[in-house]
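> The primary structure of each chain is shown beneath.
Number of protein chains: 2
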Amino acid sequence: MTNSNNTSTQAELEKDQSFINVIEGRRSVRKYDNSAVISDEEIREIIAIATKAPSSSNLQPWRFLVVTDAELKAKLLPIAYNQEQVADSSAVIIVVADLEMYKHADTIYTSAATAGYLSEELKDKMIANTTTQYSALPQERLKEIAVFDSGLVSMQLMLAARSKGYDTVPMAGYNRAQVIELFNLSERYLPTILLPIGKAATPGHPTTRLPVDEITFFNRF
Amino acid sequence: MTNSNNTSTQAELEKDQSFINVIEGRRSVRKYDNSAVISDEEIREIIAIATKAPSSSNLQPWRFLVVTDAELKAKLLPIAYNQEQVADSSAVIIVVADLEMYKHADTIYTSAATAGYLSEELKDKMIANTTTQYSALPQERLKEIAVFDSGLVSMQLMLAARSKGYDTVPMAGYNRAQVIELFNLSERYLPTILLPIGKAATPGHPTTRLPVDEITFFNRF
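Heads up: the sequence lines are chains U and G, in that order.
Taking this note's numbering, the leading residue of the first sequence gets 4, the next gets one more, and so forth.
Taking this note's numbering, the leading residue of the second sequence gets 4, the next gets one more, and so forth.
Hints were generated in silico from the structure; no laboratory data involved.
There's no promise every hint is true.
If several chains are the same, the list does not tell them apart, and a pair holds so long as it fits within one copy or across any two.
Unchecked claim - Cut-off 16 Å, straight-line C-alpha distance, at most; resulting in silico cross-link-like pairs (EDC-like, lysine to aspartate or glutamate): (1) K55 to E27; (2) K78 to E184; (3) K55 to E217; (4) K128 to E45; (5) K76 to E123; (6) K106 to E217; (7) K55 to D216; (8) K106 to D36; (9) K202 to D36; (10) K106 to D127; (11) K126 to D109; (12) K55 to D72; (13) K76 to E184; (14) K76 to D91.
Here chain U stands alone, though its shape is the one from the complex (with noise of 0.2 Å):
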């Protein structure tokens, strides 16, 4: 987003976050301008948009731990092969997948029985039922599933931001053994991506898609 934005009428704001803009306007930012601050709130706004992503069995295997303070982001810079965006972002979030995410069947599904979108009955044998099926699964497939889900939460979270005039840039090149450390994670969770989010300063440069017939294929493979 530019200073001309500040000059924009309603409708051109409203065109800014129509959906095919917000997706078409998301790039992947490198520089940005390492004086602008995103608010805890904002960020708070973010994720809740984020997070109406689904995932399976609504186990919301996703953490979000949001790094603000910059001596932390100056330990996270090393980290992140000193690739800039981690220092002059506004904020990285370190979006976590947690690999025992049926540990909260029985919160979550009480939540949709006390909304009144699940009966009692339901309930008790939705929360019996996944952490049964879940806890007998092999960690690897826990991983693929959390991971997978991650990756769906990670989408709506940088369109969201883009939808407020955020940009930001997944990051999977990082060390992960560092940021586990640094943060004392334990084994249940798993740091995906690291998604700086900021103003741009330099807009990201666009990039190529290979054709959609080479890549889609009806009824045969």
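Place chain G on chain U using the hints.
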């Protein structure tokens, strides 16, 4: 969408396509109008929007196996434990992760260079570096990247469908080995979700989410 949309004003249609309405209007729908048809062209359009998603090194480790053939859908039904949305939706998109995505580095970066987004020199360097780095990764890490990125594109696929008036439901519960066998997929390709797409016969039921403050952590986990 209901028939009343046929008489919607343009303003109402545009409102339907605002970013937040698309996000909030997406629900997991399990009851479909089995007479509704989605054209191959509409599916291509939805995939074109979805694949604007980012991916690790832009390697786009996703493929879309679109099942519209009635006989094939009938075969898929028991594989998906007879969940009726597989039979009643207009199509089932199987989102397939490409575990050897780096083999497309040449095609992808050449395309970016042809479009003028990369110099020839940078293109050659990126192809060499990406191929070296990714081919050295353990299989488990490649799978994690492909699964996460498939999550990103799947989220955009659901939203793009909703923006065009279609509903979806992401399904992780099916017999994966039988899907691999039915479509004769090689070890390179991993089916992630089945995604039925069509017109809702009954709206998806509302669900709750964990409160933002319980899943968001500022500067310490």
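> Now, for every hint given, state plainly whether the structure supports it.
Against the structure, the hints come out as follows:
Taking the shortest Cα distances, K55 and E27 sit within 16 Å of each other only across copies (7 Å), while inside one copy they are farther apart (21 Å). Within a single copy, K78 and E184 get their C-alpha atoms as close as 12 Å, which meets the 16 Å cut-off; across copies the closest is 48 Å, which misses it. In this assembly of identical chains, K55 and E217 lie within 16 Å of each other by CA distance solely across copies; the values are 15 Å between and 31 Å within a copy. With identical chains, the CA atoms of K128 and E45 are never at most 16 Å apart, being 37 Å at best within one copy and 39 Å at best between copies.
In the homo-oligomer, the alpha carbons of K76 and E123 never lie at most 16 Å apart, since the shortest distance is 46 Å inside one protomer and 35 Å across protomers. For the homomeric pair K106 and E217, the shortest alpha-carbon distance between copies (14 Å) is at most 16 Å, but the shortest distance inside one copy (41 Å) is not. Taking the shortest alpha-carbon separations for K55 and D216, only the inter-copy value of 15 Å comes in at or below 16 Å, while the best intra-copy value is 31 Å. With identical chains, the CA atoms of K106 and D36 are never at most 16 Å apart, being 40 Å at best within one copy and 36 Å at best between copies.
Within a single copy, K202 and D36 get their C-alpha atoms as close as 6 Å, which meets the 16 Å cut-off; across copies the closest is 44 Å, which misses it. For the homomeric pair K106 and D127, the shortest alpha-carbon distance inside one copy (14 Å) is at most 16 Å, but the shortest distance between copies (48 Å) is not. In the homo-oligomer, the alpha carbons of K126 and D109 lie at most 16 Å apart inside one protomer (8 Å), although the nearest pairing across protomers, at 51 Å, exceeds that limit. Taking the shortest alpha-carbon separations for K55 and D72, neither the intra-copy value of 27 Å nor the inter-copy value of 32 Å comes in at or below 16 Å.
In the homo-oligomer, the alpha carbons of K76 and E184 lie at most 16 Å apart inside one protomer (15 Å), although the nearest pairing across protomers, at 48 Å, exceeds that limit. In this homomeric assembly, K76 and D91 come within 16 Å of each other (Cα to Cα) only inside a single copy, at 9 Å, whereas the closest approach across copies is 50 Å.
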